[in-house]
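Listed below, chain by chain, are the residues.
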Amino acid sequence: MAVEPLLLDDDFASLTGAGRTAPSLALLVRPRSAAEAAGALLGRGPRGAIARGRGLAGGDAGQNAGGTVLGLTALDRITGLDRAAGTVVCEAGTELGALARTLLPLGLWPCAGAGRWTAGGAVASGYGQGVEELELLGADGGSRRLRRGDPLFDATVGGLGLTGVVLSVALALRPVETAFLRERTARFPDADALLAHWTGGAPPEPYARARIELTGRGRAVLTTAAPVPYAGLPRGHRARRAPLALPALPGLPLLPRAGGLRPLPGLVRARVPAPFPAYGSGGFVRYRCAVPEGREEALRGLLALLAGRRSPGRAARHARVERVGAGGAGPLAFPVRGWCLGFDAPAGTPGLGRFLDVLDERVAAAGGRVCLAEDGRLRPALLPVMYPRLDAFRELRASVDPRSVFRSDLSRRLGL
Amino acid sequence: MKDALGAPQSLLLLGGTSAIGLATARRLIARRTRTVWLAGRPSPELAAAAGSLRGLGAEVRVVPFDALDTDAHPERLGRVFAEGEVDLVLLAFGVPGDQARDESDPPAAVRVAQTNYTGAVSAALVCAGALQAQGHGSLVVLSSVAGERGRRADFIYGSSKAGLDVFAQGLGDALHGTGVHVMVVRPGAVRPAGAAGRPEAPLTTTPEAVAGAIELGLRRRSETVWVPGPLRLVASALRHVPRPLHRRLPVPRP
Ligand SMILES: Cc1cc2nc3c(=O)[nH]c(=O)nc-3n(C[C@H](O)[C@H](O)[C@H](O)COP(=O)(O)OP(=O)(O)OC[C@H]3O[C@@H](n4cnc5c(N)ncnc54)[C@H](O)[C@@H]3O)c2cc1C
Ligand SMILES: NC(=O)c1ccc[n+]([C@@H]2O[C@H](COP(=O)([O-])OP(=O)(O)OC[C@H]3O[C@@H](n4cnc5c(N)ncnc54)[C@H](OP(=O)(O)O)[C@@H]3O)[C@@H](O)[C@H]2O)c1
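Going down the list, the sequences are from chains A and P. For what it's worth, my numbering labels the leading residue of the first sequence as 1, then goes sequentially. For what it's worth, my numbering labels the leading residue of the second sequence as 1, then goes sequentially.
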C-alpha cells in the first residue's frame with residue numbers, strides 16, 4: 001500500500017538526466033566490481049535493470065522507474081595499457097577526461113575523445129570511435145568479450161544500455177606531442193553564410209563546431225581546431241619545456257588563449273560540476289538531431305524554424321552545428337554522415353512540445369534522426385522512420401535478452 | 001512514461017464520465033496519451049465516453065468502479081496497474097449533493113461525504129501505492145474552491161472537499177522524492193463553455209480551461225493549481241474576511 005517504507009531505504013533514489021525533467025525512483029546500486037554488478041543484476045526486481053554512468057544524457061535513458069539502476073562510477077580503474085599496440089583498457093565507469101589526463105604525460109590520447117562522460121556511457125550513447133573491444137555483462141549474469149564487427153558489439157554502441165552492462169572497454173590511443181590545439185574562429189553574418197563556407201570545400205578538421213545565434217542578428221561563429229605538434233609551439237613558449245604537462249590549476253587554462261592555443265578538450269576539468277546553464281526549477285530539454293549530407297536545405301529549414309519570429313526555439317538562444325564525417329555501424333547508432341544540430345531549451349517554454357514535434361517531422365522527412373541518448377520526448381511512432389533498422393535491434397535484443405531484463409524509462413516510453 | 005514535458009502516455013480516469021476528466025483526456029490524447037482506462041459506474045454515458053475517446057485514436061478500456069464500494073478498490077484498481085504503466089491518475093469523481101435537501105436528510109449527506117472524501121481517500125491510497133511501486137506517475141486530485149472556507153450555501157460538499165484537499169496535500173508530501181507527483185486542482189464553479197467558448201460569470205471556468213491548467217501543471221510538476229488562476233488571490237483574500245461579512249457573500253454553486 002501507499003507511503004510504504006520504500007522511502008526509508010537510502011538506496012532508493014529519484015533520478016533524472018542532465019535536463020532534470022521527468023524524475024523517477026529506482027533502486028540505485030553502486031557495484032565496485034564486475035562480480036558485484038553481476039550480483040546486483042541477478043537480484044533485480046520485476047522491473048528490470050539498466051546501467052548508468054554520470055547521468056549526463058539529457059533525457060531518461062539512464063533511468064529505470066521502480067527497477068534497478070546500476071550506477072557504475074565506482075568501476076573506474078584503468079586495468080591495462082599496451083603502448084606498443086596503442087590501446088588502453090579501462091572499466092566502464094572511468095571518466096574519459098580522467099583517462100585522458102592520466103595518459104597525457106605518456107604522449108597518448110584516447111581516439112574516443114575526452115569529456116566528463118564515462119567510457120560506458122559514451123559507448124552506449126553511440127560514440128564508438130576508437131572502441132576496439134568491450135566486455136558486456138548479459139541478462140544471464142555472464143559476461144563476454146566482444147570485438148568490433150560482432151553484431152552485438154555494433155548494437156551495443158548506441159544501444160542505450162539495452163543490450164547489457166558494459167563492464168570494460170579497450171580504447172585505441174593516438175600519439176600527441178603537446179597538450180594543445182590550435183584554435184581558429186571564423187565569423188559569419190548568418191547561418192547561410194556559414195553553411196556556404198562549410199560546404200564550399202573547406203578542408204575538414206578534427207574539431208569543428210559552429211554556434212549560431214537564434215536571437216538578435218543570427219550570427220554564426222565557426223571554431224575549428226587541430227592538434228599542435230611540438231614544432232608548432234611558438235618559440236619561447238613555456239610549454240616548449242613541458243609540452244605534455246597538465247594544466248596547473250584545474251579549471252584554469254595553463255596559458256592564455258593567445259596565439260590560438262588551448263588545451264585539448266576534456267583536459268581541463270570543469271570548475272563548476274555541471275556545464276549546463278541553469279534553467280530554473282523546470283529543467284531543460286536537449287534536442288540533438290542528425291541530418292544527412294546533401295540535405296543542407298533541410299538543415300537550413302530547421303535553423304530558420306528555430307530562429308523564426310514567434311518560435312519557442314528562440315528560448316534556446318543559440319544552436320550548435322557540427323559536421324559528422326561518418327555514420328555509425330549499429331542499428332541504433334545515431335551518427336549520420338552529414339550534420340548534427342543541437343540546442344537546449346528551457347522545459348517551461350510555452351509551445352515547446354508541439355514545436356519539437358514539428359522539428360521531428362522535418363528531420364524524419366529529410367532522412368535524419370533524433371539522438372535517443374539525449375531524447376526525452378520523441379513521439380514513439382517516428383522511431384521506426386528515423387531508425388529503419390529498429391527491427392534488427394529488437395530481434396537481437398530478443399535473442400540475447402528474451403525477458404527484457406534491461407529496461408529503462410526511455411525504452412518504456414518509446415516501446416523499444 | 002511521461003515525457004520531459006510532463007505529457008503522459010497512459011491515463012486512468014476515476015469518474016469516467018466527468019466533464020472535467022473527459023476534457024482533460026481529450027487534451028492529453030492530442031499530445032502523447034495512447035491508453036485510457038475509464039473507471040466508473042457502468043452506464044450508457046460511460047460507454048459513450050469510451051466511444052468518443054476511441055474516436056480520437058486512443059485505446060480505451062472501461063473498468064467498473066464505484067467510489068462507495070471501497071472494499072473493491074484494491075482489486076479493481078490493482079488490476080489496471082497490473083496490466084501496464086499508468087502515468088497519470090486523475091481523480092475526478094465527486095457529487096455536489098443538494099445542500100438544502102441533504103441538510104434534512106442525513107443519510108444523503110453521508111453519501112456525499114463518502115463519495116467525495118472516504119471514497120476518494122481509498123482510491124487515492126490504492127493508486128498512490130501502485131504508482132510508488134512503479135516509481136513514477138502523477139496523481140491529480142480534483143478538489144474545489146468550496147473546500148477553502150465553510151460557506152452557508154454548500155458546506156456539506158465543501159467539507160468533503162476540504163477533507164480531500166488536506167489529505168491530498170499530505171499525501172503529496174509523503175510521496176515527495178519518490179518520483180510520484182501529487183497535484184491538487186482547485187477549480188471555481190465550472191460551467192460548460194457558452195456560445196463564445198467562455199463562461200459568463202467572472203471566476204467561473206470551463207472543463208476545457210481546467211484541462212488546460214492540468215496539462216500545464218503536469219509540465220511544471222505543480223503541487224497546487226487554481227482555475228482560473230486569479231482565484232488563488234481571491235481565495236487568499238476571502239480567508240481573511242470576517243465571518244459576519246463572509247456569511248453574506250454570494251457564492252456560485254460548485
Ligand atoms: C554537445 C555534446 C557533445 C558531446 N560530445 C561527445 C563526444 O564527442 N564523445 C562522447 O563520448 N560523448 C559526447 N557527449 C556526451 C554523450 O552524448 C552522452 O551524454 C554521455 O556519453 C553520457 O554520459 P554518462 O557517462 O554520464 O552516461 P549516462 O548519462 O549515465 O547514460 C547514458 C546512456 O548510457 C547507458 N550506459 C551508461 N553506462 C553504461 C554501461 N557501463 N553499460 C551500458 N550502458 C551504459 C545508460 O543506460 C544510458 O542509456 C556529448 C554531449 C553533448 C551534450
Ligand atoms: N463542476 C464544478 O463546478 C466543480 C467545481 C469544483 C470542483 N469540481 C470537482 O471536480 C470533479 C469533476 O467535476 P465534473 O464537473 O467533471 O463532474 P461531473 O461531470 O458531474 O462528473 C462527476 C463524476 O463523478 C462520478 N461519480 C459520482 N459518484 C460516483 C460514485 N459513487 N462512484 C463512481 N463515480 C462516481 C460520476 O459518475 P456517474 O456518471 O456514474 O454518475 C461522474 O463521472 C468532481 O470531484 C467535482 O467535485 C467540480
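Be careful, since some hints might not be right.
[Said to hold, decoys possible] Facing chain P, from chain A, some residues (calculated, C-beta under 10 Å):
1. Phe12
2. Gly17
3. Ala22
4. Ala26
5. Thr79
6. Leu81
7. Gly282
8. Val285
9. Arg379
10. Pro380
11. Arg403
[Unchecked claim] The calculated label-pair distances, taken between Cβ atoms and stated as ranges, are:
12. P/Ser43 <-> A/Asp150: 53 to 61 Å
13. P/Ser43 <-> A/Gly415: 32 to 40 Å
14. A/Arg309 <-> P/Leu249: 42 to 50 Å
15. P/His176 <-> A/Glu361: 49 to 57 Å
No lab work stands behind these hints: they were computed from the structure. All C-beta atoms, glycine included, are put in the ideal place defined by N, C-alpha and C.
Each hint tested on the structure:
1. Hint status for A/Phe12: holds, given a least beta-carbon distance of 8 Å to chain P, under 10 Å.
2. Checking A/Gly17 against chain P: minimum C-beta separation of about 8 Å stays under 10 Å; hint holds.
3. A cut of 10 Å between beta carbons decides the hint on A/Ala22: the least distance to chain P is about 5 Å, and the hint holds.
4. The interface hint given for A/Ala26 holds, since its Cβ lies 6 Å from the closest Cβ of chain P, which is under the 10 Å cut-off.
5. Using the Cβ-Cβ criterion of 10 Å, the hint placing A/Thr79 at the interface with chain P is not satisfied: the shortest such distance is roughly 34 Å.
6. Restraint check, A/Leu81 versus chain P: the minimum CB separation of about 40 Å is more than 10 Å; hint violated.
7. The beta carbon of A/Gly282 is positioned within 10 Å of a beta carbon in chain P (closest approach about 6 Å), and the interface hint is therefore held.
8. The beta carbon of A/Val285 is positioned within 10 Å of a beta carbon in chain P (closest approach about 5 Å), and the interface hint is therefore held.
9. Interface restraint check: A/Arg379 against chain P, minimum CB-CB distance 7 Å, threshold 10 Å, status holds.
10. Satisfaction of the interface hint for A/Pro380 is found here, the shortest Cβ-Cβ separation to chain P being roughly 8 Å, below the 10 Å cut-off.
11. Checking A/Arg403 against chain P by beta carbon gives a least distance of about 17 Å; that is not within 10 Å, so the hint is violated.
12. Checked against the given bound of 53 to 61 Å, the beta carbons of P/Ser43 and A/Asp150, roughly 59 Å apart, stay inside it.
13. About 33 Å separates the C-beta atoms of P/Ser43 and A/Gly415, a value consistent with the hinted range of 32 to 40 Å.
14. For the pair A/Arg309 and P/Leu249, the beta carbons lie near 46 Å from each other, so the given range of 42 to 50 Å is met.
15. Hint check: P/His176 to A/Glu361, Cβ distance near 38 Å, so the stated range 49 to 57 Å is violated.
Of the numbered hints stated above, those contradicted by the structure are hints 5, 6, 11, 15, listed in ascending order.
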